[in-house]
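Visitor: Next come the chains, spelled out residue by residue.
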Amino acid sequence: MLIFYAGLLLLAATAFYAGRSKAIAILADKPGSMHSLPLYHGAYVALYAIVAASCVYALASVADLPFGQYAALIVALGAATHAFQKISPDFRARNTVEKIVLVVLALCSGFAILTTVGIVFSVLFEALRFFSQVSPLSFIAGLQWSPTSEPASFGFIPLLVGTLLITVIAIFIAGPLGLFAAIYMAEYASPRMRAYAKPILEMLAGVPTVVLGFFAALTVAPLIRGWGETFGLSVASESALAAGVVMGMMIVPLISSLSDDVINAVPQSLRDGSYALGATHSETIKKVVLPAALPGIVSAFILAISRAIGETMIVVMAAGLAANLTVNPLEAVTTITVQIATLLVGDQEFDSAKTLSAFALGLVLFMITLALNYVALRVVQKYREQYD
Amino acid sequence: MTDIATTILPRVSTISADLVAKRYRSERRFRAYGLISLGITALFLAFLVIDIVGKGYPAFFEHTVTLPVTISADKIDSSNPAKGDYIGLAKDALKAAFPAMSGRADRKALLSLLSSGASDDLRKMVVSDPSLIGKQIDVPFLLSADADLYFKGSQTTVTRSAGSGPIDITKVEEKYTISGNVDGLTEGNILRVNDGAFRITAIIGAEIEAEPLIEPSSVGQVAADRWQTLKFSSKEADRRISDKEAVVLETLKAKGLVSKGISWRFFTSGDSREPELSGIRGALVGSLLTLSITLAICLPIGIAAAIYLEEFARKGRLTNFIEVNINNLAAVPSIIFGLLGLAVFLNFFGMPRSAPLVGGLVLALLVLPTIIIASRAAFRSVPPSIKEAAFGVGASHQQAVFHHVLPLAVPGILTGTILGVARALGETAPLLMIGMVAFIVDVPTGVTDAATLLPVQIYLWSDLPELGFQSRTAAAIIVLMFVLFALNGFAIYLRKRFERRW
Chain A
1 MLIFYAGLLL LAATAFYAGR SKAIAILADK PGSMHSLPLY HGAYVALYAI VAASCVYALA
61 SVADLPFGQY AALIVALGAA THAFQKISPD FRARNTVEKI VLVVLALCSG FAILTTVGIV
121 FSVLFEALRF FSQVSPLSFI AGLQWSPTSE PASFGFIPLL VGTLLITVIA IFIAGPLGLF
181 AAIYMAEYAS PRMRAYAKPI LEMLAGVPTV VLGFFAALTV APLIRGWGET FGLSVASESA
241 LAAGVVMGMM IVPLISSLSD DVINAVPQSL RDGSYALGAT HSETIKKVVL PAALPGIVSA
301 FILAISRAIG ETMIVVMAAG LAANLTVNPL EAVTTITVQI ATLLVGDQEF DSAKTLSAFA
361 LGLVLFMITL ALNYVALRVV QKYREQYD
Chain B
389 MTDIATTILP RVSTISADLV AKRYRSERRF RAYGLISLGI TALFLAFLVI DIVGKGYPAF
449 FEHTVTLPVT ISADKIDSSN PAKGDYIGLA KDALKAAFPA MSGRADRKAL LSLLSSGASD
509 DLRKMVVSDP SLIGKQIDVP FLLSADADLY FKGSQTTVTR SAGSGPIDIT KVEEKYTISG
569 NVDGLTEGNI LRVNDGAFRI TAIIGAEIEA EPLIEPSSVG QVAADRWQTL KFSSKEADRR
629 ISDKEAVVLE TLKAKGLVSK GISWRFFTSG DSREPELSGI RGALVGSLLT LSITLAICLP
689 IGIAAAIYLE EFARKGRLTN FIEVNINNLA AVPSIIFGLL GLAVFLNFFG MPRSAPLVGG
749 LVLALLVLPT IIIASRAAFR SVPPSIKEAA FGVGASHQQA VFHHVLPLAV PGILTGTILG
809 VARALGETAP LLMIGMVAFI VDVPTGVTDA ATLLPVQIYL WSDLPELGFQ SRTAAAIIVL
869 MFVLFALNGF AIYLRKRFER RW
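Which chain is which? The protein sequence lines are A and B, in order.
With my numbering, the residue at position 251 of the first sequence is 251, and numbering never jumps.
In my numbering, each residue carries its 1-based index in the second sequence increased by 388.
There's no promise every hint is true.
[Said to hold, decoys possible] 16 Å max Cα-Cα, derived EDC-like pairs, lysine to aspartate or glutamate:
1) 643(B) / 583(B)
2) 99(A) / 638(B)
3) 619(B) / 603(B)
4) 287(A) / 415(B)
5) 632(B) / 415(B)
6) 286(A) / 415(B)
7) 559(B) / 597(B)
8) 410(B) / 283(A)
9) 619(B) / 638(B)
10) 559(B) / 599(B)
11) 632(B) / 583(B)
12) 632(B) / 662(B)
Think of the hints as simulated: they come from the structure by calculation, not from any bench.
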């Protein structure tokens, strides 16, 4: 394999140089006679060799022929010679080269589709294998999640409740903080103030989640536990509250930057109209600016929820593993992402329901976030006001 | 008319003045909410940074004890110095410093203070210079994590006070009684006397009963400058360092043998089961290898995709579908990419687990949408007149794009790429899925070696119960945040340096 790539590289380089030299020679003979620049003639010869070699090599690999790589290199040599002979003043090398480049560019942009297909298939395939062992109904409506016990039960509801509990706490923290921060930044802050506040939010957004998880587990959780004890409350050491609070702080920059953008996009004429009627600044914001920016803000909140549901490291490090069906924020709950991570770290057996259940959870997670992202997009598209 | 006006106006104005005052109060309140929100966010960030720096800062330092060692030829074979019994030498050196501690338990307590890798430095010294064999030299030995933490004060706070006056120690039938000027002492306090040490067991009037921790060579009258008291803020049972070990450490320190230095080990060694020996070199190299793969894949593909979508693609269903896909992928939770990596790269293609190659591929898919979106924005910011001018002098569409638009878009693309790489550098969740959470001591040398990454190392260490690892975790976080900071700073610099207003 190495011989093939090294040989092809050498061949292509030689072909490029030879093709370009021939074109330069023709050009030196009759200046201004060539349709394409010498560069394109060189590239044409080299690309011809590469494409030919790749086709033969791929065929040989599929058919499992011996000496496929040598055959491919010989074919490439022949192709290069053929292309080299085609070089003439009238030959349109540039058009062919540009066509090939365009195909390569288009293929690269198709990578996104490939990734999506890969995700859908890898998750769907294993999830279907899981559902052939465990009935979908007992998964969706089951109230108990204990994949390692004997017999194992795969009830999804405790995970969903745990995920939603932490998400709700996070949004309760991040919603007001992020929105008010955005309003202040967009409406009140002086340019100087903005110059200080914006980097703070950007820095917070750039903190890796593993760092926030460490902070949540080792600093925030004991702190909340301590406060709880002074009020006579028993707080679990891996309480949903600690994970939710830190996750909320993680989301603040997301909500504030998205909301900041939509508030800034509200035309000044709307504000001016409100001021002209005698409204104060805050009345204008509450009665005019926010209603106008509402679709964007709602979409920001939905994206924030989607982000919170899919967040992994904070909950892996700070939330619990036991699937308690509770809505008490002081108790330990587990989430979908925590279970995916714990089920797949360590020994994996791809024929047991335990390992496959992680993919079923992944499928649910993927569908939830996809649906939320779609709703966020639709909200903006459907309710956006066109002011111009 | 004027009469009416003067009678009515004041009434109206008091009502409206109240109303206006109320509205202004609400205005101020509303404004304060915004400021408070920003304040809370800033406070949280400050709290986070201070907490982590406070926890991690001590891990950049380590304590060593310098002891005289005779590198005897019967312990080290001069023909093969790498194989010698260096840890034996280290133990002998420490034992020699405390001849009174001869019992089994005493020896065990004594030797537990040395790190299991204490003699590695000595080994290196001798291997690089075999002529040292047979000589006596002073060698710094690394202390164990618990001893190290004791000196850093993370376990207990020690109050040391010099003797307040001469005391008299008498020994009657194995029981020690201390009398003299010993006010302010309580049970459990420790007296270091000459070369021995006592723990106070009872105070009866002016007399103190004490048990020996280290038997002193002589008893009797002791001058004030020959004894010292130690008081600990926590009970012996709550500490990892016993009273006896603490006395040994204090004695070493009083002799000036303990020194504090920067822990270069933290940057030059791989992971270890011992906190004091573990380092982030393996994780740093792993991160570097992984990110090289990520960059090598997603930079060309990202730019190519952006060029195609922005410059060449015809608006149609397929292009639209690609765009929807890219935007969607940017919002898919990162753990899903881990599932993709596990199912496709590991199970389907049979690539090696824990390898930077697979990690790099997964992270490349993860940041590709970010890079495509940023690159498209960079292309869009180049004014069309540039391209049109190129067309005007006879350039083909591709020539115009590659020769004129692309160079002008490069700063924007680079900024987006650096931010994407910064995101990949901090990413942990997908790497857990593809087995990069293994305990790996060796520093990886290639992209298919088992490796771990900096954020994964942080996650692994944070799970360990030892206090020493907690501090190492925070220190690793400091390094990670520093790198991220540098990357983001570089991106901002690029943006500022090459920003153009057209």
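Visitor: Tell me, which hint numbers fail for this structure?
Guide: 2, 3, 5, 12
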